[in-house]
Every structure is written in C-alpha cells, then in structure tokens.
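S.K.: The residues making up each chain are set out below.
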Amino acid sequence: MADHRSDLWEREDTPPEGAPAPQPAPPAPPAEAVLLPALKDAVLTGIITGLLLLPLVGFRATESGSGPLTLTYRFGLVSVFAGLVMVLRLVLNLTVWRPGRPPRAKSAALAGVSQRIAPALKPAFFAFALLYPFIAIVFSGSLSLSRYWVDLGIYILTYVMLGWGLNIVVGLAGLLDLGYVAFYAVGAYTFALLSSSVPLNAFFDAHVAEGFWASWSFWVCLPVAGLLAGLWGIILGFPVLRLRGDYLAIVTLAFGEIIRLVLINWVSLTNGGAGISSIPPITFFGVPFNSGDDGFAAIFGLDYNSMHRMIFLYFVILGLAALTALATIRLRSMPVGRAWEALREDEIACRSLGINTTLTKLTAFATGAMFGGFAGAFFAVRVRFVSPESFTFMESAVILAIVVLGGMGSQIGVASAAILLIGGMELLRNLSFLKADFLFGSDFDPSLYRMLIFGFAMVAVMVWRPRGLVANRMPTIFLKERKAVSGALVKEGHG
Amino acid sequence: MAEAASPSPAPKSWDLNPLLKVDHLSMRFGGLVAVGDVSFRAGRGEVTAVIGPNGAGKTTVFNCITGFYKPSTGRLALMQGCPATDAELDALTCGGLASARTAAGTTYLLERLADHKVSSRAKVARTFQNIRLFAGMTVLENLLVAQHMSLTQAGLINPAALLNLPSWRRQQKQAVDHALYWLDKIALTARADDPAGDLPYGDQRRLEIARAMCTRPALLCLDEPAAGLNPRESLELNTLLLAIRAEHETSILLIEHDMSVVMGISDHVVVLEYGRKIADGTPQEVRNDPKVIASYLGVEDEEEVEAVAGVHA
Ligand SMILES: Nc1ncnc2c1ncn2[C@@H]1O[C@H](COP(=O)(O)OP(=O)(O)O)[C@@H](O)[C@H]1O
Ligand SMILES: [Mg+2]
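So the protein lines, in turn, are chains A and B. So the number in this note's numbering is just where the residue sits in the first sequence, counting from 1, plus 36. Here this note's numbering is used: position 47 in the second sequence is 42, and no number is missing along the way.
Please keep in mind that the hints were generated in silico from the structure rather than gathered at the bench. Note that the structure is predicted; figures quoted are calculated from it, not measured. In this text, a Cβ means the ideal position worked out from N, Cα and C, and glycines have one as well. Treat the hints with care, since some could be wrong.
[Stated by the list, open to error] For lysine-lysine, the following PhoX-like pairs were computed, each having C-alpha atoms within a straight-line distance of at most 25 Å:
1) K286(B) to K7(B)
2) K519(A) to K112(B)
3) K65(B) to K7(B)
4) K516(A) to K118(B)
5) K168(B) to K516(A)
6) K519(A) to K76(A)
7) K168(B) to K118(B)
8) K168(B) to K180(B)
9) K519(A) to K168(B)
10) K118(B) to K180(B)
[What the hints assert, rightly or not] Away from chain B, derived, C-beta distances all over 10 Å, residues of chain A:
11) Y283
12) D330
13) L338
14) M346
15) I391
16) T399
17) I513
[Claimed, not checked] Computed list of chain A residues with no C-beta within reach of chain B, every gap over 10 Å:
18) V79
19) L89
20) P104
21) F164
22) P235
23) I300
24) S314
25) V352
26) A363
27) L367
28) E381
29) R465
30) F514
31) K519
Chain A extracted, bound-state conformation (with noise of 0.2 Å):
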C-alpha cells in the first residue's frame, strides 16, 4: 500500500491563494538610467562570449597533406560573434527586457478579430486542404510538374494523422507514448505481408476473382491493419499501463524499438533489414492506375498520367486523417473521451468516481495505436516497400514533437505543428541561396544544418508558447457559451 502513499498524502491545507491583483505600471525609469545599465550588461555579455569563443572558433587545426598540424588563427570571426551577441543582447535590454515596461496586452481589436476567426478556421483548413492538390497543379503548371508539391502534401498529412492519433493517447489521455512507431510499424508490416503473400493471392485468384487480392488487397487490409494495431495497443497496454511517468515512457519507447528488432532479426518472416518490397499499388476501388484499358485513365476519359494514381493517395490520406479527427472530436465528448481527460486531470479523482481507470487507459492506448495502424498500411501503399529502417525511435520523437508542439489536446495544434515541423524541414531542404558567394560560399551545404536549424526553431517555439501552439482547451459541452479553458490550469498528466 505504501505506494498509494505520495498520491494520498494530505498536504497542508492551504486555501489558494486569490489571483494576484494586477499591478498598476511602475513609472517608466528615465532613458539614461536605463541605458547606462543595458549597455554594461551588453558589453559584459559580449566580452564573456568572446573569452568562451576563443578557444572554441579562434584556433583553428588543419591537417595539411600527410604534414604536421597548422594552426589558423581566427580572431577576426570571434569578435564579429562576440560584437553580435553584443548588439543583440543591447537591443534585447532596450525592448523587450527593458524595466518597467508594461506587460504587453493582447490588443482588443486582434483578440475580437481571432475570436471571430475561430469558427471559420477549421473549414478553412479543410476547404485548403481539399484543394490543395488542384492548387499544386495550377502553380507549378501542370500535372506532372505537381508531383513534388502533392507528394509534400502527403507525407505531411501522413504525419497530420499520426499527431492526432499520438494526441489521443499524449494529448488527452496524458500518458506519455515514446513508442507510437511501432503501432505505425504494425500497421505498414500488416498490410504489407497480407498484400504480397502468395497463399493468400492464389486462395482469391480461385475463390474470387483473377487478380482480385491484387486490386482490392488495400481496402480489404486497411482496417485489418487498424485493428491489429489496436490488438497490439492493448496488448502492450496490459502489462505497461500500471507504470507512470517516465516508467511508462522508458517502457513504451523499449516496446518499440523491441517491434523495430523483431522485423529486423525474424527474417522468414519480415525478411529482415532487406524489407518488403512487392507490394501491389493502390486500385481506385478496384480499378488500377495504369495505361491499360481497363485503367483508370481509360474509364475516365483521361490522358494517362502517373500522377492521377498520387492525387488519389492525397485525397485518400486527407481521408484517412479527416476520419480520425472526427472520431476523435466524438470520443472526445462521449463518456470515454471525457474520462481520458479527467484522466489526465487527476487519476485518483477518477478512480473515486468509479472510472475504471485500467480500461480506460487501455481504451486510449488502442484507440490511438489503431489510427496508428491506419497510417502505416497508408504509408505501405504509397512508399510500396517497408523495412525496419522506416520505424526508428527518430519517427516515435518527431510525432511526439508535432503533439507537444502543437499543443497538447489540440487538433488544429497538432495539425499546424506537422505542418511547420514536416514542412519546413523539407523547406531547409531546398536552402540552396544560402549558397551564394556572399553568404556561405557554395561549398556550404544547407541541408546538413537542417537538423540545427530545426533544434534552434523547436526551442525559440517553446520559449515562446511553452504549452504548444494552441495552449487553450476547448471544453467538450457547454450550457451558455463555449469558453476556452486557460492552459494553465490543465494538467499534462503524469504517465
């Protein structure tokens, strides 16, 4: 029992304090006893950046030819980093860190403006991302010049619906999945072993139709792959669910990458790190995608183009993605959603209330494996080769950085965040003006500072918005008006 302890142990019962009244402004400081101090602390800050760059940039080793080492000296280039955090750190203290400035309140007219916006905002999302392919096409000026643009499309609607799964379990839940790829993995390896298996091919070639696992295997595998990532959600959940915290992070991040080595290491079955790779295109409902006269192109009167067969994994995806946040805004305010997140509020509370806090906890692990699933026998179909290698920890973290990112709970977060996080690391793919001589020179190679450039993004977001994108919790039913609840006071849950 002794480990009931901590959760039953009465704190002192203090009364909360009442909101602090707000403080009238403090008279501003006059300018000069402002800037004398700012500019000490500049120059300060300054001369310490540079006394820690010197060793690190002023001295410089190169290896020449099989010779000794030479070293350069780079003075020049600390006092330009040392003259910069200098001037930074000066205008810093003017601004934003200046004393007695007033906290800065959101104006009136742009919170009237954004509340007016919110209702339109998620169909308009929709309505975008319904046309966007057509959009694509229009820019880029023609079909096949799209490809690039659409493809983006789907790889971050892919991650769309991977947040909001993660979000169900992360987010609303509140425990703390670092193993989400491995659901993915169950999904891609489900429907790629039950599409490219020979027995299966021959039993529906005699028992159904000439060629019918070959056009119809998706449809009839996709929820089959849902399902058993579900299965395999709950049982992980089982025996992992009683732990908390990082217990249960550690747990599920091992369960994953326990997933990633069985694929790996049971060759007969996965064959192995060489993965699957005949697996059979996405039929629209049965008709292929080719130039034959039974293709798609042919029935429809079009021109054949390879591209018609991406478009319809677009809109297969938005799909895919559209299903998940709709059962998701419903479970949300149906009893199960709402004890996820009281759940994450306060588990001992729910346990009081009867709640059945096992189940329920189960419920979201599969809940969310099962989207999981989904996206993975997606992700199958468009790549049409699976291996190990597509499920590593890095997946599980950047999924897990979208929900975080995007504020945890929230979809229209969640959805911005992959969008930001998927996109513009494809974005700092194509940094090639960077390389313009008087930049970088053109020996510099952007995309090698993609993964930086990302970390410095990621921490100035959280610095910024420290509860993700979309900080607010929208309540799941309301008697008079649907007030936004403040993100302070909801709870990130403890595992």
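Let chain A serve as the given structure and place chain B with the ligands on it in line with the hints.
M.R.: Same frame as chain A, now just chain B with the ligands:
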C-alpha cells in the same frame, strides 16, 4: 470497548439500522499502526461524524472504506437495502465473495472490492482533504465525468454515442439535467462553463461534494469539507449537507474539525485518537465524555486558531 459497558444500553439507531459496519479495522504502515482495531456503525440516513486530532487515523479509515487502501485486518460491510444479520455477514466473509445479493438488498465487503468498484457498485462516494477537482475541465464537465458509470452502461465505446443518435442525445440530456440539479443546489449554475480550477476555494469544496453526489451514492464520505472555509462558506456548506440529508437517501460519513459543524448536523459521533476509538455516541454523549474532553476538545481552540489563521494567511 469500555464505552460499551456504560449504563442505559438503549439501542442506538445506528445499531438497529446500519448502512456501514466497520469491524476490527486495522491499518498498519510498516511498524506504524495508523488505525488499530476500530469498530463502529454508520446509520442509514444519518450523518456520522468521525473526529479526532490530526494524525488520529481518520483519513486512513476513509481510504480503507473507499478502497484506496486495503486494510491490514478487519471487515467493512456496506448493506444496501435491508441490513444483513451478523450471521449472514460471517457467512459472506467466510465464503470469499465480495458481495451477496438477497431479496432484501445487497451486501458488499468493501475491503474486497477494487477502488473503482467501491464507487461504481457499492455506491460509496468521497471527497478529499486536499480538493481533487478536474481543474482544467469546466464545472459542468466535472459533473458529467461523475456520471460516467451511468452513461457507459451500454459499453465504454457505445455506437449510439459515437454516431450521436437521438437515443444517446436523450441520455446525455438526462445527465446534463442531473448535473444542473446539483449545480442549482450548490448555487453555481452561473459558472457552469468556467473551469473548475478558477472557482474560489469554498465553491470548489461544494463542487467536489456535488460531483460526488452525481454518482448517486448510498454513502457519501467527506474528508474535512469545512477545512479552510470562511464562516460564510462554512454556513453554505452546512446548508448543503442538511439539504442532502433531508432530500436524499444518501447517508453521510464526515470527518470534521469544526465543532460547530459536527455538533450542528451529526446524529452520531465517533472519536479517534492515535488510531483507536475512544468514544462513540450522540453528539451530547461525546461532548460530555471525560476522555474526549481530555484528549480532543482540549486542543479544539488551538485547531480553530489554526483554521482561522489559515483563512487569513
Ligand atoms: N500512506 C501512508 N503511509 C505511511 N503512513 C501513513 C500513510 N497514510 C497515513 N499514514 C500515517 O497514519 C497516521 C494517520 O494519518 P491520517 O489518517 O492522515 O490522520 P488524520 O486524517 O486523522 O489527520 C499518521 O501518523 C500518518 O503519518
Ligand atoms: Mg486527514
């Protein structure tokens, strides 16, 4: 114990018609005996107060009753419907089952139920000494979470709810109406759409009680509901408890330091000290009990000073 031998053994109402029978309850934490061999009865439809100095083991008794702790020894029998006889209880205890249903009612052995089943099946609801509301959810949502069990009778993932069918909407409407009934009782209807964490302390206390009542409990356990309340809030709380007692079939088990609350609304007082029961009787009897005066009422002033200081801190 010693009190049992006191003169005039007129049968007490709680002995005649008990809802909860606590027999020889002990709870040890390592070497510490937090509760030692405590037996008492809580009468049906009555308010039973458990009082005692800090650290006497009151909260531990509550945690045992509500299933959060498994008692080291002892029996906790809750009898819905007609009270079971001692012989029936003993038979149930030896049988190894957690509950027995007869035509007259159902008897639960609480120490054998998992914590959530103590609430969902035996219908025991509780509040906490340190408030445990769902702070990031609205007042209305808090009251709907409390009705989880009645709303999920058709399954945790109910297709009618998933598709938002009319049958489900009707059910949800009933739940909202029930919540509104309790919101009205605690005078918080105007704040239904505000997050629970934004409410003043006294309102949070009453909301927690309303949330517990939304589970339609047979027994409501309140752990120091008046702690930290100012006199006005304390009065509102008394009114609420009296209303629950008058209008509902819920019996109340109450831990309280505030003597005015205890004497004002309770039918039966059990006094604990160092994990043992030292007195048990009507408020009048307990008030005049020399042991209680010596051990507990002596520190009453100090406690009250603390409480008042807490409010003004
Ligand atoms: N989970 C626990 N682990 C260890 N000791 C505990 C635990 N819960 C309570 N105790 C001890 O049991 C005694 C009774 O505590 P408690 O029931 O909280 O008293 P009260 O509510 O009457 O103030 C205290 O001495 C406390 O230290
Ligand atoms: Mg206590």
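S.K.: Within a Cα-Cα threshold of 25 Å, do K519(A) and K112(B) meet the stated pairing?
M.R.: violated (34 Å)
S.K.: Going by Cβ atoms, does F164(A) stay more than 10 Å from chain B at every point?
M.R.: holds (26 Å)
S.K.: Is it the case that R465(A) keeps its Cβ farther than 10 Å from each residue Cβ in chain B?
M.R.: holds (39 Å)
S.K.: Taking the closest pair, is the beta carbon of I300(A) still more than 10 Å from chain B?
M.R.: Label holds. Min Cβ-Cβ 35 Å, cutoff 10 Å.
S.K.: Against chain B, does A363(A) keep a CB gap of more than 10 Å to every residue?
M.R.: It is violated; A363(A) is separated from chain B by about 8 Å at its closest Cβ, not greater than 10 Å.
S.K.: Classify the label on I513(A) as holds or violated, using whether its beta-carbon is more than 10 Å from each beta-carbon of chain B.
M.R.: With a cut-off of 10 Å, I513(A) comes too close to chain B, as the shortest Cβ separation is near 6 Å.
S.K.: In terms of Cβ atoms, is chain B entirely out of 10 Å range of K519(A)?
M.R.: violated (5 Å)
S.K.: When you look at the beta carbon of V352(A), is every beta carbon of chain B farther off than 10 Å?
M.R.: holds (22 Å)
S.K.: Is it true that the CA of K168(B) sits at most 25 Å from the CA of K180(B)?
M.R.: At roughly 18 Å apart (the allowed maximum being 25 Å), K180(B) and K168(B) satisfy the hint.
S.K.: With 10 Å as the threshold, tell me whether E381(A) passes as away from chain B on beta-carbon distances.
M.R.: violated (4 Å)
S.K.: L89(A) clear of chain B by more than 10 Å, beta carbon to beta carbon?
M.R.: L89(A) is indeed farther than 10 Å from all Cβ atoms of chain B, at 45 Å.
S.K.: Say whether it holds or is violated: S314(A) keeps its Cβ farther than 10 Å from all Cβ of chain B.
M.R.: holds (36 Å)
Checked against the numbered hints above, the structure breaks hints 2, 3, 4, 6, 15, 16, 17, 26, 27, 28, 30, 31 and satisfies the rest.
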